[in-house]
Amino acid sequence: MNKSPWIFLGVLFAMSLSWWGMVFGPASQVNAAKADLGDGTSLRPRSGLAQQGEQIYRENGCYYCHTRTATGGTFGYEIQITQFGADEDLTREIIGEKFAANKILKKAFAFKAVVGANDAKKAASEAVKAEGADVEAAEAALEQAAEALTDAKAATNAIKIEETLIALGVSGVTLEGDLAGELGLPIEMSDADKAEVANATFAVSKGIEQWDDIKDTVRALKDRAGAQFKLLPVADDWPDVVNGVARRQSVSRDFLFDAHAMPGVMRVGPDLSNVGARQQDLNTLYAKIYNSQAGGQSSHMPPFKYLFNVRAAEEDEKLPADAVTISTEDGVTSVESGFIVTPTTKARALAAYLQSLRNDKGLPEAPLPAVRENLNP
Amino acid sequence: MSEEETHNAPIAPEAQPEEINASCRGPVLFLFFSAAVWAVQATGVGLLGSLKMHVPGFLADFPFLTYGRLQANAWVAFLYGFAGNAGLGLTLWMLSRLRGMPLAKPGFVLAGAFLWNAGVTAAMVGITMGDQPGVAGYELPAYASRVLLIGQAFIAFSAIITYFSRRHQQLYPSSWFLIAALVAFPWILGTAHWLLVETPVRGAAQIPVAHWTVTSLQQIWLGCMGLAAILYFIPKITRRELYSRQWAAFGFWMLLILGGWVNLNSGSPLPVWSIKLSQYASALFIFVLIAIGWNLRQTAKGVPLLGSSDLTLQCMGFALGAWLITALFTFGNAYSDWNGLLQFTYASTAIRQFFAWGFFAMAMFGAVYYVAPRLFSGEVDWACSGTYKWIYRLTAIGAVVILLAGLGMSYGHGHALQTGSPEVLKKALMPMRIAFFGEILFFLSSLIFLGSMACLLFRNCCGECSPMALIRKCRADKAEGGAE
Chain A
1 MNKSPWIFLG VLFAMSLSWW GMVFGPASQV NAAKADLGDG TSLRPRSGLA QQGEQIYREN
61 GCYYCHTRTA TGGTFGYEIQ ITQFGADEDL TREIIGEKFA ANKILKKAFA FKAVVGANDA
121 KKAASEAVKA EGADVEAAEA ALEQAAEALT DAKAATNAIK IEETLIALGV SGVTLEGDLA
181 GELGLPIEMS DADKAEVANA TFAVSKGIEQ WDDIKDTVRA LKDRAGAQFK LLPVADDWPD
241 VVNGVARRQS VSRDFLFDAH AMPGVMRVGP DLSNVGARQQ DLNTLYAKIY NSQAGGQSSH
301 MPPFKYLFNV RAAEEDEKLP ADAVTISTED GVTSVESGFI VTPTTKARAL AAYLQSLRND
361 KGLPEAPLPA VRENLNP
Chain B
378 MSEEETHNAP IAPEAQPEEI NASCRGPVLF LFFSAAVWAV QATGVGLLGS LKMHVPGFLA
438 DFPFLTYGRL QANAWVAFLY GFAGNAGLGL TLWMLSRLRG MPLAKPGFVL AGAFLWNAGV
498 TAAMVGITMG DQPGVAGYEL PAYASRVLLI GQAFIAFSAI ITYFSRRHQQ LYPSSWFLIA
558 ALVAFPWILG TAHWLLVETP VRGAAQIPVA HWTVTSLQQI WLGCMGLAAI LYFIPKITRR
618 ELYSRQWAAF GFWMLLILGG WVNLNSGSPL PVWSIKLSQY ASALFIFVLI AIGWNLRQTA
678 KGVPLLGSSD LTLQCMGFAL GAWLITALFT FGNAYSDWNG LLQFTYASTA IRQFFAWGFF
738 AMAMFGAVYY VAPRLFSGEV DWACSGTYKW IYRLTAIGAV VILLAGLGMS YGHGHALQTG
798 SPEVLKKALM PMRIAFFGEI LFFLSSLIFL GSMACLLFRN CCGECSPMAL IRKCRADKAE
858 GGAE
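From first to last, the protein sequence lines are chains A and B.
Anchor point for the first sequence: position 16 equals 16 in the numbering used here, and the numbering is continuous, going up by one each time.
Count along the second sequence from 1, then add 377; that gives the number in the numbering used here.
Think of the hints as simulated: they come from the structure by calculation, not from any bench.
You can trust all of the hints, since none of them are fake.
With a Cα cut of at most 20 Å, we get these calculated DMTMM-like pairs of lysine to aspartate or glutamate:
1) A:Lys305 with B:Asp438
2) A:Lys222 with A:Glu97
3) B:Lys653 with A:Glu365
4) A:Lys3 with B:Glu391
Whenever a hint applies, use it, and build me the whole structure from the sequences.
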């Protein structure tokens, strides 16, 4: 440590380590990220006003009080059966008593039994009519099938219509016409009902289990019971998702097209990573920017009135279409009593930028987790 | 084989301290005085920004006075204005003294110092006009960083020439830190300038670049300059040898290797591997803390640094303690639960303030107190040395207030963010309200520092032609006239 050139070289080498690790490495990886989402869609850069709005956001230093960084958290897996296999007893054994006792499961397998008995009855009827058939045996089979159908219909206990539609969806069978009516289903299904049936799922885990807890169940459902299912992440210790701040974790690709990435310093104000989804009403957003305390709102955000045109209202003057308004007990009034307030281009740009901040669409590296209310009805 | 045997060239004779001080007088005093002016600006603007945080409607109709712009301006004034000027001034003086040679090319330093201050001014004007790049902790517009880089190159040129002008048998550890700071700064600023502002990489890739820039500026650039001062002055004033060069070397290299990696927030939108690496680096930072802390503890064993009668030693003791606490906080960031709780609260801002004022500014105040009078002659002392003590006291109390508010009360904010409590705003503001008192104390100490510097210059600059000498002469003439 007494030779000056070595100090210089050593400093350069030591600095280069962190430069490589924290600048070159991550920046290269992130810089190579693609906009393609893998499902035929892709992330799009901001354009027009929203692009200009990023500049307004930066100029005013909004990133000192707002973050755009929804954090990650822990999640559990919810096993969602989309179609049960054929063996009811085996399925019950695999998913355990708690989930096996659910009315939807009973009804789904009852639907399967009805369809099976109905098919058997039809086959037996045709066998009776067929030439050269063993009529006696065919009639016995027909009688047996009819009894099974009656029993199966009796098993389709009366439950709510929404639950019945889910049961039909996860049973994997098709019931139409009078038979559907006999089983508590609409004879003519609306589009909403059809969507309910098509998207029906039946959860057989609480959504807090880790992979090690459920891997045996998953393998048994797949290999032994022949069920079709999907695994849904459910937010557990994930404050930003559970508290409604964001729909998922913020990741590098959320900043892919930013001219200046501003993940933020502090959360004195709310996180804005999903503000575009939370605040879709433009007028409300303008009112918030103009004076966040207008209408008695509790807020600590400073007013940004200089982003708006303000002029005194004429007597009995009607509010123009682009006036910023708030709803009060007296109805819809100007955000500033006695004045007409309209947004400047800067305010429009800032609002457009804020509305472009959304994370309510899942990415392959950051899927949307469900929140706890999504468990079985 | 000793170095003496390796290099047969004779070692140049060491210059006298008076000669070295005289060579540094103009450039270093200019840098110190500039630092004092920027310190007042930094604290004044910061105070105004904090006031706006507590009274949101205050001066809300002026777009150039938003909280974000004021915060950016305050940090730029501190980092490049105060820290840059004071750190570079001290670097020049210490390198000259440690090498035993007069400052080479002082004209370059003056030119560099003018450029440097012009760069900081341009940055502040640019930010006021809304030109900041959006990177909290860096915040230099392109034109300002260009000027700063050129200015630093001028000053560094003089420092390097001085450094190589005489061969020493042994380089004192402070020299390593100062050289590291000189080399690191253009690298850090160059990286930020080109990758964030001049030809910015894609948005997502800017986040790791920005983090490396900000953490390197703090840990490596400021850290090296501040620690160089502490390692120089504590042994010097206590008249002891540094306990261990090996410990110092270990701490030095570990600081350089780890300084740019640490403190990445666990929630950063970056690849997981880079966050994990940062956490490991933060964990390893404990070795830097131990190496520096243990070495200086053993050096000053038995000497009450804070209780010393020597003001420089008091300042260095407090600065050392502040550095150790911030290093401990860095180590704490290795734990993702801890970091996850505090990452969006006032805690990281408070720790940055504590590092800036408790460690760096305090080390510089102590160093300036020692160096500035010596630049005139051996007989000059601070005009009002009693008031200079208040710089130490006010800065120390302010730093402790901000630390306690930031760490103690930000926990509540972090917890409220985690639970989605409706009291989150109240919890967020509480530590900032308390820290406001600390900022007032910083402002007062900066004013006293500026006043002390002005007083020192007023009395002693220009030899017999200093304003004070002229006043004394006039008084004496008047008194003589009256007597006649």
